[in-house]
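Colleague: Protein chains in written order, with the numbering used here: chain A, 1 to 265; chain B, 266 to 680; chain C, 681 to 996.
Incorrect hints may appear among the rest.
Claimed, not checked - A few chain A residues that don't get close to chain B, going by computed Cβ distances all over 12 angstroms:
no., residue
1, L80
2, A125
3, N206
4, D213
5, S226
To be verified - Here are the simulated EDC-like cross-link-like pairs (lysine to aspartate or glutamate), alpha carbons at most 16 angstroms apart as the crow flies:
no., chain 1, residue 1, chain 2, residue 2
6, A, K196, A, D213
7, A, K196, A, D227
8, A, K237, A, D227
9, A, K52, B, E467
10, A, K70, B, E467
11, A, K191, A, D166
Derived from the structure by calculation, the hints contain no laboratory data. Bear in mind that the values here come from a model prediction, so they are computed numbers and not experimental data. Each residue gets a CB set at the ideal place from its N, CA and C atoms; glycine is no exception.
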Amino acid sequence: MSMLSLQNVSKQFGETRIIRDVSLDITPGERHAIIGPNGAGKSTLFHLISGKYQPTSGKILFRNEEIQGKTPFAIARLGLARSFQVTNIFPRLSVFENIRCGLLWKEGFGYSFWHLLGRQGELNAKARELLVEIGLADRADYPAGELAYAQQRALELGIAIASGADLIMLDEPVAGMSHSEAESAVALIRKITEGKTLIMVEHDMNIVFDVADRISVLVYGEIIASDTPTAIRANPKVQEAYLGEVPTASTDSISDEKPEDIDGA
Amino acid sequence: MKPLLQKSAVWFAYLGVLLGLPLLFDSILAITIFNQMAIAIIFALSYNMLLGQGGMLSFGHAVYFGLGGFMAVHTLVMIEYETVYFSIIYIPLIGGLIGLLAAIFIGSFSTHKAGTVFAMISLGIGELVAASSLIFVSFFGGEAGVNADRTYGPPFFGVEFFQDVEIYYLAAVWVFIATLFMYLFTQTPAGRMANAVRDNPERAEFIGYSARRVRFISFCASGFFAGIAGGLFALNYEFITEENLNAVTSGRVLLMAYIGGLGYFIGPIIGAVILTLMNSLLSNYTELWMLYLGIMFVLTVLFLPRGFAGFIMMHRTAWIRGKLRSLLLPYLITGVPALLFATAGVAMIEMLHHEGEAFHFLGLPLDSANLLHWLLCAVVATFAYLGCKRTLPQLQEAWESANAIDEAGEERERS
Amino acid sequence: MLEVFIFSTLNGLVTGLLLFMLASGLTLIFSMMGVLNFAHASFYMLGAYFAYSISLHLGFWAGLIFAPLIVGLLGAEIERFALRRVHAHGHVAELVFTFGLAFLIEESVQFFWGPDTKNYQSPDILDFPLFTLFGQEFSAYRGFMIAISVGIFVGLYYVLTRSRIGIIIQAAITHPHTVANLGHNVPFIFMGVFGVGTALAGVAGVIAGPVLTTFPGMAVVLGSIVFVIVVIGGLGSLGGAFIASLMIGLLQSYAIASNVGMPDLLNLLGLEFSRDHPLTDLWTLTLPQVAPILPFLLLVLVLIFRPTGIAGKREQ
Chain A
1 MSMLSLQNVS KQFGETRIIR DVSLDITPGE RHAIIGPNGA GKSTLFHLIS GKYQPTSGKI
61 LFRNEEIQGK TPFAIARLGL ARSFQVTNIF PRLSVFENIR CGLLWKEGFG YSFWHLLGRQ
121 GELNAKAREL LVEIGLADRA DYPAGELAYA QQRALELGIA IASGADLIML DEPVAGMSHS
181 EAESAVALIR KITEGKTLIM VEHDMNIVFD VADRISVLVY GEIIASDTPT AIRANPKVQE
241 AYLGEVPTAS TDSISDEKPE DIDGA
Chain B
266 MKPLLQKSAV WFAYLGVLLG LPLLFDSILA ITIFNQMAIA IIFALSYNML LGQGGMLSFG
326 HAVYFGLGGF MAVHTLVMIE YETVYFSIIY IPLIGGLIGL LAAIFIGSFS THKAGTVFAM
386 ISLGIGELVA ASSLIFVSFF GGEAGVNADR TYGPPFFGVE FFQDVEIYYL AAVWVFIATL
446 FMYLFTQTPA GRMANAVRDN PERAEFIGYS ARRVRFISFC ASGFFAGIAG GLFALNYEFI
506 TEENLNAVTS GRVLLMAYIG GLGYFIGPII GAVILTLMNS LLSNYTELWM LYLGIMFVLT
566 VLFLPRGFAG FIMMHRTAWI RGKLRSLLLP YLITGVPALL FATAGVAMIE MLHHEGEAFH
626 FLGLPLDSAN LLHWLLCAVV ATFAYLGCKR TLPQLQEAWE SANAIDEAGE ERERS
Chain C
681 MLEVFIFSTL NGLVTGLLLF MLASGLTLIF SMMGVLNFAH ASFYMLGAYF AYSISLHLGF
741 WAGLIFAPLI VGLLGAEIER FALRRVHAHG HVAELVFTFG LAFLIEESVQ FFWGPDTKNY
801 QSPDILDFPL FTLFGQEFSA YRGFMIAISV GIFVGLYYVL TRSRIGIIIQ AAITHPHTVA
861 NLGHNVPFIF MGVFGVGTAL AGVAGVIAGP VLTTFPGMAV VLGSIVFVIV VIGGLGSLGG
921 AFIASLMIGL LQSYAIASNV GMPDLLNLLG LEFSRDHPLT DLWTLTLPQV APILPFLLLV
981 LVLIFRPTGI AGKREQ
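Taking the hints into account, I'd like the entire structure generated from these sequences.
Modeller: Rendered as structure tokens:
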């Protein structure tokens, strides 16, 4: 059974087709990266999966259940969590509250107005644990909006994890970070998504080749290749998409190149 | 245990103040004002559930207050004619239930979105209900309103509620209960998610919550408490009219909450107290109190967007660092000229109003026909304004140094 | 029957065009700055009052020229010193500020002119019937109102679509940053548009004052209806606002002039209720009674079923 299955998914806005007939299968526990030039439709794809947009045609199945057309909160409840390209947290709540809110639904509190959160020992302990895991325990009572950028991204990740989702989707998780910050972030992502399925949109090829089990390349709304990192690296269509032309020299010299040289836009 | 004791201490103090006020100020005027304050506090707190905590700006909140009030008055009439018969201490609950029912009905279609759409729907509903109340004369009494007598209910431990002070104690208990429950609401999942939805409705959906449902719950809760305030109003005045449903009342509660400070639970309480005092005390001294209220409101929005509560809380950092005292002198240096400027300004406005006649301003006789008086005020105003402007930098400096980050301070802050 | 129809259509037209004068300014301001100016009708009121005071000394026509200018200047200054400041605090703060401004202006008007209704007279020159139909007169002043309104709209249309400044304004509405990068002073344009919008409201006040009575509550009466129009027409759409203005103006006019009501409906269904029935207010309801609340009913219905309005463009 595949964790997530996109079957001939298309999306158009008016006359413009952003996603064209995309099919993809993600196996449970897989770490899958989606790469592609800017404007290829990667974020749109995420929006389609997480329920913000409805596909114009095609099906999306999460654990064999059709989720296209469902509201974002219904999909989230099924066990799918995502983070955002632009940091999307609750700025006026404290860091601790941010995480705790992420936990609420999974822990069964629903829309309760009779449980006093201060008294929920188990819930609060879980929130504190998660804070320690993402390295923000010493900032627990700060308003989330006042955190440094990298810390906000870590919090963003924490909220996504908090819901206990089995499928985590991360949209450019290290965008805007310095090299060392990105390194810590990737280590955190690795640690936190142990045993879960991960789909990641990313531009930094180092990270992609480091983390991913499989890579899909999205260009102009179509997946032109979906394979292991080594195979992707050698794939001429991918090279053309990134370099603008297929190198006429022998393919050996290309596959010998270090990953840094094949960098997305 | 210690934090629990600390928190409870605040509530005990609150209860103590509520119960002890009539002992300190026992004039009839004082009791009347306290009763008004009680009603305003519950009303303003209920409004903040929508705006401050939920991010929903409503221009029609008086609907729930008024409907609760009307039902309460009719219930009093029914008690009088013994159609029903129970103690009037439950009347605010009746008001609350009606407010809740109305909120459930109206909330079912108005909580899809927050923002401008919500504000406009609330405006439309408010006008609709207010206008309908003039049409449906049998329930709303038309322009004359409906009145009743609260003394026909069964006595409550011997109290028949003839006196205002007896109503005050009943109101005090209701204020305490209402405040407590509205505060506790903010500590529940529904209350916290309301904050989350206010901050970022999209993100809230992605953690499994329907933003609409969260708003709906806040909306209903706020309608419930507004109805309680309406019921208390009915008990206090034994009289209610269309005015208590309409845009003027809706506007007033918005003012209260905003001036007090939306972002703090205690904000609306402060706002309710200030506005009630202005309404009852200031109106005795000048006919222009509404004008001053308007000026104060606009100035608050411009310069104190977080309200009086926000202004007080701004000093928290300095207080924690123990540097609050260092601000006292700078505040005086800039504050006194500012106060003089305001006073002179008010004097001139009053003189304009009392054209041609002499009157008393703060104990001093003023005459608008007397050019000397005008000159005096203008001179005071000019110098005060200049003085204020000149001394502002030193206040800013003092403020910055009091809030400066230093190592030792950070440690103290953390503990 | 025909005469009732013709006259109520004409009156509806007068009201509708007046409402559009207010709604157009409000729409321009909203399109540009994203803020719904709660105090818009207050500038309408100020227009009437300034014109009244001017007309006492210099006559109606001086009032028509100068009052809108004063109101526009006032609006521009308010934008420059106050609104811009509040803008930084967010949309809620802006709405609350304009709400407070409306309140303050109403109190100030009462302070400076007193709470009584002012005897603001339409000019004698227009005090004759334009035409008489079926024994009813249609005053020249009302014809004048229609003429002025149409004239202003035509002028606005040409300025917005044919003149250079108009094109710049249209661009600044949707792409303020690009326009700023091209070297135009966008804050100044904003201030100008706000000033023109409020001046338009002022003109409406100048010509409506003699007819709709000049008193401190006149802003409240019209204010909510203008909001309804702007929302029904679709926030940000001038065309939608135009349609909605005429629609509401005519609807109210017909409702007031008609004589139908619930009793007629009940008759049709063969039902009858006694006077003591608890819902007797409902059974005796007539359309003229309901006329003032029709706009709000429409507003709620539109917001529920079609929140973007007739031709809505800009979502908050």
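Colleague: Hint by hint, note whether the structure agrees.
Modeller: Okay, the hints, checked on the actual structure:
1. L80: violated (9 angstroms)
2. A125: Non-interface label on A125 of chain A holds, nearest chain B Cβ at 17 angstroms vs cutoff 12 angstroms.
3. N206: holds (28 angstroms)
4. D213: holds (25 angstroms)
5. S226: Check passes; 26 angstroms lies beyond 12 angstroms.
6. A:K196 to A:D213: Holds: K196 of chain A and D213 of chain A sit about 13 angstroms apart, inside 16 angstroms.
7. A:K196 to A:D227: violated (20 angstroms)
8. A:K237 to A:D227: holds (12 angstroms)
9. A:K52 to B:E467: holds (9 angstroms)
10. A:K70 to B:E467: holds (15 angstroms)
11. A:K191 to A:D166: holds (14 angstroms)
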